[in-house]
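S.K.: Two chains, two frames, a set of hints: combine them into the complex.
So you can see what is in the structure, the chains are spelled out below.
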Amino acid sequence: MTENTSTSNAWPLWEVFVRASRGLSHVHAGSLHAPDATMALRNARDLYTRRNEGTSVWVVPAEAIAASDPDSKGGFFESAQGKSYRHATYYQQSEGVPHL
Amino acid sequence: MSFATNDSATKQSAGVAITAEEIAESGSTASEAVANYAVQLGDDALMLGQRLSWWISRAPELEEDIALGNIALDLVGHARFFLTYAGTAWGKTEDQLAYLRDEEEFRSARLVEAENGDFAKTIARQLYYSFYSYELYTRLVDSKDETLSAIANKALKEVLYHQDHAAVWLNRLGLGTEESARRMQAGLDELWPYVGELFYDDENTAELAGQGIAVLPSSLEEPTLERITRAITEAGLEVPTSPTARGLDRSGATSEWRGYILAEMQVLARRYPEAQW
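As they're listed, the protein sequences go chains Y and L. As numbered in the numbering used here, residues 1 to 100 make up the first sequence, in order. As numbered in the numbering used here, residues 101 to 377 make up the second sequence, in order.
Next comes chain L alone, as it looks inside the complex (with noise of 0.2 Å):
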């Protein structure tokens, strides 16, 4: 499909973009090693993505419940996109991989698993992830895979909003009232620990690293909270200190909410399987 086609001088047409369909039905077939990784950068964004639709209805004013499920759409399209591609080598759907996996399955990292907390909380963890998933995806566009690097050019355009969005309001709770001075300090300090997880070099992906397909993520660190640093500073605020939190694999051996999260997406699919709407 070319970008030309549907273009038109003077009516936006809805444009071209990769979809999970599209990675389905490529044929293109990732190997186990891929599709390890593929799902540990699809489930963060499933996770992130089912914690942050929470807000839809609860969030403190109309126009942040639509920013706040946008992003969370974005993520969900993200998943969808990595999980598709994982599915691919073992024969298995989106739909099965996230709805159908057991807790001690999935690898996610505890910064997106964590509750919401309060606003400032939430605004916190989208300011370490999309800070994170941004320096990735721009080095995973270079990834020797054609499907990861199509997937992180997509993902790429909608990051960069995702880190506005939280950058914008980082300033504003930081430097608006003692209160949301307050609130924002507490919510970055409580996340803080969780952040390191983000940049573990397990073996699997440090050996696709080696071939130029993933990003290491010990790479990422260095560059992440140098800009986080900057941004927190900016915003008035005390950049956290507190030592990494054990336990850094992604098997949830040590994490205290992924089995409620699975709880609640995965009902309607596990008691009505194979279900149509």
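So here's chain Y without its partners, still in its complex pose (with noise of 0.2 Å):
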């Protein structure tokens, strides 16, 4: 980005979490510009807390986050499938073990 860039476009783009209630995770709500991550809660604040969603949001710049490619679904994912042997399913429960 170049110092001649508009800044009235150039609000970078940051990933909102929130948090439902008490032992629950951060859940993806959506996405928000912002110039600052102060500004950036302040609008996630009102965007996706308005009906008391939440009690407690995370603002992750887009770009920090990583995130795996749509095109190797393949290697990436599906080679878990076949492999029961990784779901507690699989395993036959042993006799005489008690509160399994």
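A few of these clues could be false.
So, partial list: chain Y residues that the calculated Cβ filter (under 7 Å) puts toward chain L [to be verified]: (1) Leu-32; (2) His-33; (3) Asn-43; (4) Asp-46.
Quick caveat, the hints were computed from the structure, so don't treat them as lab data. Keep in mind it's a predicted model, so treat the numbers as computed, not measured. Even for Gly, the Cβ is constructed at its ideal location relative to N, Cα and C.
M.R.: As structure tokens, this is what we get:
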């Protein structure tokens, strides 16, 4: 980005994560534009917690998120298919083990 | 209604807060004096809400559209509470008071009636008004009038955010570029003469303050200005020194803008009386 870039449309993108209540994880709610982290939090409050959705909000610069490549789906996610031994249901319950 | 009934450990409820409808149905009736005080507070909120709503679709960014729209709606909400309560004294609804009163019957301050100007001027007004109303509501919660106290309690939570929004922008514009600082300073200077009107003790309000019902406006001047001064200084700007504008009685006799706001705000209700939608 050069110094001359118009500032009016140059607010960076932020990803917003909202935690609905204690004990739950922050969940991705959407994104927004803001000039800095403080303003991003204010905007997130206005955009994503209007109906009491949250008890906590995180904002993360969108460019700081490394994402998996949608085209490499096969190697990335599908190799887990058929590996039923990775699931607890694969295993037989041993006899005589209480409370399992 | 109890706060516990709708709560769940895992889900957020809509929450419980006072509504204008509850005030209308509560059966509590304002006295003439209390109603006149409530009109004053309600008119300030209504006029500023109307002014701010102009920014929707016009703010610098979509996100700011929503922020100003939220604040405008909060303020219209405060106006609904106060005008609904005032209306109980005269058998009038909030709509009758908002839409069918004439210019000289309003009691809003010129600060909230002034034109929006650029974004910096709007932020200057948000700074002055939100800091003032924060001081006002923190004291009005102790009012001996239960309804005024309940309204103040609800409004206070919202005004806390309005203050924060104004202060954050004041800082960014004041410490931003040369141009943003120039505009922010110009906005602060232009509106400064109208701040004094917020602290004027009219006879009715002074009497109610003596009874522990109203907050004496002049008692808010020092705490409000002290915090405004600090905020402006922290933003690297100058605290204006121009004198207060003449005409402090909120009568509208010296207001340049009130009639224009009402013309736009009231046109629908006056052209189609009792319209429902």
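S.K.: Against each hint, give a clear statement of whether it holds in the structure.
M.R.: Hint by hint, here is what the structure shows:
{"no.": "1", "hint": "Leu-32", "verdict": "holds, 5 Å"}
{"no.": "2", "hint": "His-33", "verdict": "holds, 6 Å"}
{"no.": "3", "hint": "Asn-43", "verdict": "holds, 4 Å"}
{"no.": "4", "hint": "Asp-46", "verdict": "holds, 5 Å"}
The structure agrees with every numbered hint stated previously.
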